[in-house]
Amino acid sequence: MNDPVDVLIIGAGASGAAVAWSLAETKMHILCLEQGGWMNPATYPSAGRDWEARVFADYSPSPNIRARPEDYPINDDNSPIKVVNFNGVGGGTIMYTAHFPRLHPSDFRVKSLDGVAEDWPIDYDTLVPFFEENDRMMGVSGLAGDPGVPPRNPPMPPLPLGRSGPLLGAAMNRLGWHWWPSDTTVATVDYEGRARCINLGHCTPACAQGSKASTDITYWPVARRAGVELRTHCRVREITTNEDGMAAGVVYYDENGVEQFQAAEVVVLACNGVGTPRLLLNSTSGRFPNGLANSSGLVGKNLMFHPYAQVYGYVDAATDSNRAPPTCLWSKEFYETDRSRGFVRGYTFQFGRGVGPVAEAVASEAKGILPWGTGHHAAFRRLNGHRLGLSAICEDLPEEHNRVTLDPVLKDTSGIPAPRIDYRIGDNTARMMEHGIARAKDILAAAGASEICVNSPILYGGWHLLGTARMGFDPARSVVNEWGRSHDVKNLFIVDGSVFVTSGGVNPTSTIQALALYIADQMKERLANLFD
Amino acid sequence: MSTDAPLTQVERDDLRAICGIIIPASAEFDVPGADDPAIQADIVATLGRDAGHVRDALDQLGALAGQPFAGLDPARREAVALQLRAAGGAAVATLTRVVLQCYYRDDRVVRSLGLEPRPPYPKGHVLEEGDWSLLDPVRARPPMWRRA
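In order, the protein sequence lines correspond to chains P and Y. Quick note: to get my numbering, add 288 to the position in the first sequence (first position is 1). Quick note: to get my numbering, add 45 to the position in the second sequence (first position is 1).
No lab work stands behind these hints, which were simulated from the structure alone. There's no promise every hint is true.
As the list claims (entries may be wrong) - Beta-carbon label-pair distances, calculated as ranges:
| # | chain 1 | residue 1 | chain 2 | residue 2 | range |
| --- | --- | --- | --- | --- | --- |
| 1 | P | Asp478 | Y | Asp176 | 21 to 31 Å |
| 2 | Y | Ser71 | P | Gly464 | 55 to 65 Å |
| 3 | P | Pro292 | Y | Arg192 | 39 to 49 Å |
| 4 | P | Val539 | Y | Ala193 | 37 to 47 Å |
| 5 | P | Arg575 | Y | Gly134 | 48 to 58 Å |
| 6 | P | Phe549 | Y | Ala108 | 31 to 41 Å |
| 7 | Y | Glu173 | P | Asn290 | 48 to 58 Å |
| 8 | P | Pro659 | Y | Glu173 | 48 to 58 Å |
| 9 | Y | Asp181 | P | Asp710 | 40 to 50 Å |
| 10 | Y | Gly134 | P | Gly325 | 30 to 40 Å |
| 11 | P | Glu480 | Y | Glu173 | 21 to 31 Å |
| 12 | P | Pro435 | Y | Glu173 | 20 to 30 Å |
| 13 | P | Pro445 | Y | Arg153 | 36 to 46 Å |
| 14 | Y | Ala193 | P | Val546 | 19 to 29 Å |
Unchecked claim - Below, a sample of chain P positions facing chain Y; criterion: calculated Cβ distance under 7 Å:
| # | residue |
| --- | --- |
| 15 | Ser394 |
| 16 | Gly403 |
| 17 | Leu449 |
| 18 | Gly453 |
| 19 | Pro454 |
| 20 | Ala458 |
| 21 | Arg484 |
| 22 | Val546 |
| 23 | Val646 |
| 24 | Glu653 |
| 25 | Ile657 |
| 26 | His664 |
None of these values were measured; they are calculated from a predicted model. Virtual Cβ for every residue (Gly too), placed ideally from N, Cα, C.
Take these sequences, add in the hints, and give me the full structure.
Printed below as a string of structure tokens:
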């Protein structure tokens with residue numbers, strides 16, 4: 289029998305780490321259960337000669353391909369975009385590109401401004417202090433003065449432009465379009481014990497140098513020193529409730545596969561947009577037959593991905609290839625609504641620097657531009673190290689038919705029902721993607737690129753898992769209230785991407801973590817009457 | 046799906062033969078083909094989770110050839126290889142990827158590309174600063190985000 293705790297956090301990723309750190313100052317007994325383990329940077333792909341090959345195996349972004357013991361399977365057959373995630377201390381921050389934009393002010397007012405979806409119950413200004421706190425904790429590099437976004441002051445200077453940045457920037461200038469060096473969580477100077485980036489260039493499948501911020505090396509060391517307990521290799525099966533309809537604790541399987549019960553006064557869910565609804569839907573009882581916190585029927589619905597329209601081509605000049613972090617520039621030229629484009633809302637362009645030789649060979653062979661036979665070598669030398677590319681990160685609007693449910697057959701290695709994804713790209717988003725492809729081709733043409741290739745959507749591009757337990761004032765139209773507490777279960781909180789009302793058109797980790805810090809702050813302010 | 050058992054000699058012979066067609070040796074670029082013994086050894090030793098798909102692709106290759114692929118004359122091999130590539134599918138894609146990922150990490154091949162045969166860590170790379178004056182026209186723009 290485990291001793292009861294005051295606060296039980298499920299998931300040690302982007303949001304779980306942030307909320308644990310923030311709540312630690314209360315001196316409550318805080319425990320986090322994480323189904324994965326601690327990562328060992330010495331074994332990361334960039335430390336070995338097979339660094340590129342491992343992206344197709346144990347460092348695939350897809351849990352279905354990666355199939356580590358810590359992963360759970362996901363039935364995403366009925367989706368043109370496959371779910372990608374990572375399970376371990378640090379969660380998705382272990383395997384993200386470290387691109388770190390914030391949602392824009394307009395993203396919180398889509399109904400009022402553009403007549404679609406719903407407004408958030410909070411606004412951008414509410415989150416500003418938490419964005420800033422998170423920038424400091426994660427360590428953000430970037431350049432102030434961007435006219436495309438509200439003012440912010442990244443604590444570290446931006447990544448160099450390298451070879452690719454000037455080629456892209458000059459092309460954007462020819463077109464008269466906005467561009468700016470991206471905010472990233474790659475340390476460009478030594479920062480809070482993290483060594484500066486040395487351009488391993490293979491950032492996404494984890495950083496062996498420790499320059500890329502993942503929460504195992506940012507929030508967690510501080511939170512644990514402050515007294516937070518982190519228990520790894522513990523897979524939660526369900527949240528249980530008591531006779532008052534309050535969360536009583538969780539049933540989980542420990543590192544030996546032994547079933548355990550952990551009682552808690554407060555339960556905080558931080559499993560992101562697929563894991564969180566999966567756990568709620570698996571937590572059924574006589575009082576909550578359709579899953580916990582689901583009186584609205586919206587748990588699992590309104591899944592949003594950010595479909596990516598990727599376009600790339602090849603220039604005569606040498607590009608950065610794998611010699612630098614993939615994050616480079618962003619453009620907000622097409623972010624805000626302009627109805628003359630044929631859609632509402634918009635997208636960010638995220639510019640890349642190129643890829644390594646194996647990735648180039650595999651992709652180009654599949655596209656048919658790298659032949660078999662005698663022409664292979666000359667073609668490869670024309671392509672390798674000459675790629676310029678960009679992706680339109682398109683805002684996905686909430687639609688209830690896009691959802692996470694429980695698969696009737698598929699289970700994880702603990703016998704827990706696995707999630708099933710049913711998703712299709714909406715009409716507005718599809719038009720946005722076409723626009724993004726056309727404008728990306730304009731940009732590549734201005735850069736002098738040829739042999740243009742398109743991946744739309746990026747198949748294994750379901751990085752951003754949002755909207756499946758959204759926040760709102762109305763219990764009939766939302767799962768949690770405006771400060772993250774379940775409408776139905778007053779000691780249950782959700783702090784991850786599930787609570788997004790709309791998706792914006794940016795990578796969401798910065799906003800997810802700011803939300804987690806905001807919710808933690810709300811909890812601290814209301815401790816005396818948290819359950820009222 | 047085939048088993049993950051080691052490849053048979055016939056399968057190894059066919060693998061080497063198709064590798065030589067996918068990436069032949071080149072005197073012009075001073076590189077071995079993918080049928081080079083060291084590259085073949087790397088492919089076979091690191092098949093791992095891809096073994097089933099690779100074996101399926103080799104089975105497909107044998108079926109198209111009507112006999113062991115390696116026993117065909119060179120012209121017929123080329124024709125059958127083209128058929129295999131045109132057929133596509135997950136098994137063929139895996140076979141091709143396995144060949145490419147081993148070929149493009151071979152020391153001789155990597156050097157021929159002007160790169161150092163080493164992992165990214167711990168040496169890393171040097172990244173040029175680039176021309177920051179390119180940002181000047183963007184800096185001059187008024188704010189373009191919507192206040193809400």
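For each hint, the structure was consulted:
For the pair Asp478(P) and Asp176(Y), the beta carbons lie near 26 Å from each other, so the given range of 21 to 31 Å is met. About 45 Å separates the C-beta atoms of Ser71(Y) and Gly464(P), a value inconsistent with the hinted range of 55 to 65 Å. Separation of Pro292(P) from Arg192(Y) is about 47 Å and conforms to the stated range, judged on CB atoms against 39 to 49 Å. For the pair Val539(P) and Ala193(Y), the beta carbons lie near 43 Å from each other, so the given range of 37 to 47 Å is met.
Remark: the range hint 48 to 58 Å for Arg575(P) to Gly134(Y) is upheld by a beta-carbon distance near 50 Å. In this structure the hint that Phe549(P) and Ala108(Y) lie 31 to 41 Å apart at CB is violated, the actual value being about 56 Å. At about 55 Å, the CB distance of Glu173(Y) to Asn290(P) agrees with the hint of 48 to 58 Å. At roughly 32 Å, the beta carbons of Pro659(P) and Glu173(Y) sit outside the given window of 48 to 58 Å.
Our hint of 40 to 50 Å for Asp181(Y) and Asp710(P) holds, since their Cβ atoms are close to 48 Å apart. Taking 30 to 40 Å as the suggested C-beta distance range, the pair Gly134(Y) and Gly325(P) conforms, at roughly 36 Å. Our hint of 21 to 31 Å for Glu480(P) and Glu173(Y) holds, since their Cβ atoms are close to 27 Å apart. Distance hint for Pro435(P) and Glu173(Y): a CB-CB separation of about 25 Å, consistent with the stated range 20 to 30 Å.
Taking 36 to 46 Å as the suggested C-beta distance range, the pair Pro445(P) and Arg153(Y) conforms, at roughly 39 Å. Restraint check, Ala193(Y) to Val546(P): a C-beta distance of roughly 51 Å breaks the suggested window 19 to 29 Å. Given the 7 Å rule on beta carbons, the hint for Ser394(P) holds: about 4 Å separates it from the nearest Cβ of chain Y. Restraint check, Gly403(P) versus chain Y: the minimum CB separation of about 14 Å is more than 7 Å; hint violated.
For the restraint placing Leu449(P) at the interface with chain Y, the shortest Cβ-Cβ distance is roughly 3 Å, inside the 7 Å limit, so the hint holds. The criterion of a C-beta within 7 Å of any C-beta in chain Y is met by Gly453(P), whose closest approach is roughly 5 Å, and the hint holds. Against a cut-off of 7 Å between C-beta atoms, the interface hint on Pro454(P) holds, since the closest Cβ of chain Y lies about 5 Å away. This hint holds: Ala458(P) has a C-beta 6 Å from the nearest C-beta of chain Y, less than the 7 Å allowed.
The beta carbon of Arg484(P) comes no nearer than 10 Å to any beta carbon in chain Y, farther than 7 Å, and the hint placing it at the interface is violated. Given the 7 Å rule on beta carbons, the hint for Val546(P) is violated: about 29 Å separates it from the nearest Cβ of chain Y. With a least beta-carbon distance of about 5 Å to chain Y, the hint placing Val646(P) at the interface is held under the 7 Å criterion. Here the hint on Glu653(P) is kept, as its CB sits about 6 Å from the closest CB of chain Y, short of 7 Å.
For Ile657(P), the interface hint is violated, the least distance from its beta-carbon to any beta-carbon of chain Y being 14 Å, above 7 Å. Against a cut-off of 7 Å between C-beta atoms, the interface hint on His664(P) holds, since the closest Cβ of chain Y lies about 5 Å away.
Hints 2, 6, 8, 14, 16, 21, 22 and 25, counting from the list given before, are not met by this structure.
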